[in-house]
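Colleague: Here is what each chain is made of, one letter per residue.
There are 2 protein chains.
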Amino acid sequence: MTGKRLDPWGKGGIENYENLFKEFGIESFDKYRQRFSNNRYIRRGIVIGQRDYGRIAEAIEKKKPYAMMTGLMPSGKFHFGHKMVADQIIWYQKMNADTFVCAADLEATVVRDIPLQEARKIAIEEYLTNYVALGLTEKNLTFWFQTDYVVPYYRFRDQLSKKVTLNELKGIYGDDLTTGKIFSAITQAADILHPQLAEFGGPRPTVVPVGADQDPHIRLTRDFSGRFVSRHAADAASSEYKFIPPSSTYHKFMSGLSGGKMSSSDPSSYIALTEDPKTAEKKVMSAKTGGRATVTEQKELGGVPEDCMVYEMLVYHLVESDKELAEIYAGCKSGGRVCGECKKYCAGLLTAFLKEHQKKRKDAAKTVEKILGER
Amino acid sequence: MTGKRLDPWGKGGIENYENLFKEFGIESFDKYRQRFSNNRYIRRGIVIGQRDYGRIAEAIEKKKPYAMMTGLMPSGKFHFGHKMVADQIIWYQKMNADTFVCAADLEATVVRDIPLQEARKIAIEEYLTNYVALGLTEKNLTFWFQTDYVVPYYRFRDQLSKKVTLNELKGIYGDDLTTGKIFSAITQAADILHPQLAEFGGPRPTVVPVGADQDPHIRLTRDFSGRFVSRHAADAASSEYKFIPPSSTYHKFMSGLSGGKMSSSDPSSYIALTEDPKTAEKKVMSAKTGGRATVTEQKELGGVPEDCMVYEMLVYHLVESDKELAEIYAGCKSGGRVCGECKKYCAGLLTAFLKEHQKKRKDAAKTVEKILGER
Numbered sequence: 001m002t003g004k005r006l007d008p009w010g011k012g013g014i015e016n017y018e019n020l021f022k023e024f025g026i027e028s029f030d031k032y033r034q035r036f037s038n039n040r041y042i043r044r045g046i047v048i049g050q051r052d053y054g055r056i057a058e059a060i061e062k063k064k065p066y067a068m069m070t071g072l073m074p075s076g077k078f079h080f081g082h083k084m085v086a087d088q089i090i091w092y093q094k095m096n097a098d099t100f101v102c103a104a105d106l107e108a109t110v111v112r113d114i115p116l117q118e119a120r121k122i123a124i125e126e127y128l129t130n131y132v133a134l135g136l137t138e139k140n141l142t143f144w145f146q147t148d149y150v151v152p153y154y155r156f157r158d159q160l161s162k163k164v165t166l167n168e169l170k171g172i173y174g175d176d177l178t179t180g181k182i183f184s185a186i187t188q189a190a191d192i193l194h195p196q197l198a199e200f201g202g203p204r205p206t207v208v209p210v211g212a213d214q215d216p217h218i219r220l221t222r223d224f225s226g227r228f229v230s231r232h233a234a235d236a237a238s239s240e241y242k243f244i245p246p247s248s249t250y251h252k253f254m255s256g257l258s259g260g261k262m263s264s265s266d267p268s269s270y271i272a273l274t275e276d277p278k279t280a281e282k283k284v285m286s287a288k289t290g291g292r293a294t295v296t297e298q299k300e301l302g303g304v305p306e307d308c309m310v311y312e313m314l315v316y317h318l319v320e321s322d323k324e325l326a327e328i329y330a331g332c333k334s335g336g337r338v339c340g341e342c343k344k345y346c347a348g349l350l351t352a353f354l355k356e357h358q359k360k361r362k363d364a365a366k367t368v369e370k371i372l373g374e375r
Numbered sequence: 001m002t003g004k005r006l007d008p009w010g011k012g013g014i015e016n017y018e019n020l021f022k023e024f025g026i027e028s029f030d031k032y033r034q035r036f037s038n039n040r041y042i043r044r045g046i047v048i049g050q051r052d053y054g055r056i057a058e059a060i061e062k063k064k065p066y067a068m069m070t071g072l073m074p075s076g077k078f079h080f081g082h083k084m085v086a087d088q089i090i091w092y093q094k095m096n097a098d099t100f101v102c103a104a105d106l107e108a109t110v111v112r113d114i115p116l117q118e119a120r121k122i123a124i125e126e127y128l129t130n131y132v133a134l135g136l137t138e139k140n141l142t143f144w145f146q147t148d149y150v151v152p153y154y155r156f157r158d159q160l161s162k163k164v165t166l167n168e169l170k171g172i173y174g175d176d177l178t179t180g181k182i183f184s185a186i187t188q189a190a191d192i193l194h195p196q197l198a199e200f201g202g203p204r205p206t207v208v209p210v211g212a213d214q215d216p217h218i219r220l221t222r223d224f225s226g227r228f229v230s231r232h233a234a235d236a237a238s239s240e241y242k243f244i245p246p247s248s249t250y251h252k253f254m255s256g257l258s259g260g261k262m263s264s265s266d267p268s269s270y271i272a273l274t275e276d277p278k279t280a281e282k283k284v285m286s287a288k289t290g291g292r293a294t295v296t297e298q299k300e301l302g303g304v305p306e307d308c309m310v311y312e313m314l315v316y317h318l319v320e321s322d323k324e325l326a327e328i329y330a331g332c333k334s335g336g337r338v339c340g341e342c343k344k345y346c347a348g349l350l351t352a353f354l355k356e357h358q359k360k361r362k363d364a365a366k367t368v369e370k371i372l373g374e375r
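Chains A and B supply the protein sequences, listed in that same order.
Counting from 1, position 119 in the first sequence corresponds to residue 119 in our numbering; the numbering is continuous, with no gaps.
Counting from 1, position 365 in the second sequence corresponds to residue 365 in our numbering; the numbering is continuous, with no gaps.
Everything labelled a hint here was simulated from the structure, so no lab data went into it.
Among these hints, one or two may not hold up.
[What the hints assert, rightly or not] Using 25 Å as the maximum straight-line C-alpha spacing, the simulated BS3-like pairs for lysine-lysine come out as follows:
(1) B:Lys162 <-> A:Lys163
(2) B:Lys181 <-> A:Lys163
(3) B:Lys163 <-> A:Lys181
(4) B:Lys344 <-> B:Lys278
(5) B:Lys121 <-> A:Lys162
(6) B:Lys323 <-> A:Lys181
(7) B:Lys181 <-> A:Lys162
(8) A:Lys170 <-> A:Lys181
(9) A:Lys278 <-> A:Lys360
(10) B:Lys170 <-> A:Lys181
(11) B:Lys181 <-> A:Lys170
(12) B:Lys323 <-> B:Lys299
(13) B:Lys170 <-> A:Lys163
(14) A:Lys162 <-> B:Lys163
(15) A:Lys261 <-> A:Lys288
(16) A:Lys121 <-> B:Lys162
(17) A:Lys162 <-> B:Lys323
(18) B:Lys163 <-> A:Lys170
(19) B:Lys162 <-> A:Lys170
(20) B:Lys170 <-> A:Lys170
[To be verified] Computed far set for chain A versus chain B, every beta-carbon distance over 10 Å:
(21) Glu23
(22) Gln34
(23) Phe36
(24) Ile46
(25) Thr142
(26) Asp158
(27) Pro203
(28) Ser268
(29) Glu297
(30) Gly302
(31) Glu341
(32) Leu349
(33) Gln358
(34) Ala365
[Stated by the list, open to error] A few chain B positions that, by computed beta-carbon distances, are all more than 10 Å from chain A:
(35) Asn19
(36) Lys22
(37) Glu23
(38) Lys64
(39) Val85
(40) Trp91
Glycine included, each C-beta is placed from N, C-alpha and C at the ideal position.
Only chain A is shown next, with the shape it has when bound in the complex (with noise of 0.2 Å):
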């Protein structure tokens, strides 16, 4: 049983996407893939699975109210794999939805030791920064920190305290539980839930966007939202729990440029979107690609763009025509497309991108501003 539990709270790695789909009861996102084909991710497939999304579809389509909720881990440099999930919520929010952020400051703070201030700083100059570069406004945001909370959610999370079994928990998280992982899995699921209290904008259906390994947090955020009946129908405090059970979405992870994980805490195996250009060009040059040995292998056998790092790059973040993207896989395919020229016209997007982005960072002060004005 061990060996079929998601983690999220280890790195991330997923062997085998279609596998966990079928042992934890996701669903294919296939059929919204028409649907949503102006969103690169799902059209592309990076979007795999999902939970309920249905209800989001249907609000998307006409124009009905729903949320979006998804929280940040302020602990170090803003890269691509962070951006995939950026244009999303982006996505969502240019698709109306009230749209939901919160910067885990306390977490980054009790799980990862980083003092409370220097949390805070890379939420707003690493993270809230390059959301509002990449087209993030303040329209229907609202972006909070974790140690911000007010009393109705702090309310709220020891209630659901009471609506779990630490067997049912066990269950989902795994039988080596701590108590600060109780409190950390409680939260997640007041988090998810939160937009939905009569103080947040009430029950509406709620889409998280996250990567297959949380998806532990979203059954037991979706088992909870069942659990919340009046029991009193004078009291405003247990009456005014409704829940519509939140709707979810699973992507594919980005890898790390030498093919393992993209991790924070190894620099050589992630961009950083305020990387200097310069150093994201040899970045990319000496990234691992799907190439052959030699020259005249990869002419005759061809390359193998589904380990290559070089075109993940262009599928995830670089290539927005799906027309240009076939041309360079089957490229790449038939031997004609060798690795050092792929490389160079990925660098050359790669800076474009970077260049134009840390301009648009510079102008970003001011909404950033505004939203944390608001907050």
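Let chain A serve as the given structure and place chain B on it in line with the hints.
Modeller: Just chain B now, with coordinates in the frame of chain A:
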């Protein structure tokens, strides 16, 4: 092991105080009995045990800053069992303690299923109003509801959750730990330590007067208090945590009127402080005494004041003079004083007390308002 564990969520029955103290490392209160003989419960050995009381004794005598912290569970009528705790709170307030009283309205809602508004009403009309009628004032008093907790408190409580393992909690609370109990235990510890947070007055000796069944919370809290070291000198959020291990006192519970446990859920077991004096008198007249089967036998063998609920009322609440009490005791033992006359005497004192107290309750409104206004 299980038989030797104290259950803070149980019914509060303690079979043998001396044994428990040996098993759990609680020390006798004897050496402080004479020093604080102006406290009836201390003088008469009702406050029987303590941990680290030395620093409280010193703070009281040398008029140094210290705090007294206690909570109340607003779930029923305020009776003479509660009065014992109230009298102690008031005594510490008079002895210059910074006095912290927390009304556990949230706990009453989530654990005892009492609507939040009703719990708040009980806290004010039963507990706080009786406290004031018994002598509590607004001086150096912080009275608050759990649902009014402020952010620094919650931030701190979350940090506590990372400082204790599940196995440690099981060691203290037993294997039948639940998610709710874990939250409750961490909450109790945060309650007890929070007067020492920078926002609430900083590190100083703190005494928590409790029944012996609450000792697990004290032990957990004392463990916590040593687990904070400043990891980041520059970081206010962690460096501000510096605690003096809290001290505690343990009192003997009053027995119920029929000799069993005094319980809020059984009105025949207690006399409420708002009880109609006529009803109260009847309850005394039918209380269990230490009398013999017949008056003849009683005159011959003498009574057993140790097993007498009427004598207990006199000891705990109604007779201030030790000399008078000693005479009553001797009279009973010798067989000269029979139960009928003793009950009548007790009923008379009780009626006088209740009439006076209920008059004071009417005058309490203004102080209650001041206290609630200042929270």
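Colleague: Check each numbered hint against the structure and report the violated ones by number, ascending.
Modeller: 6, 17 and 26
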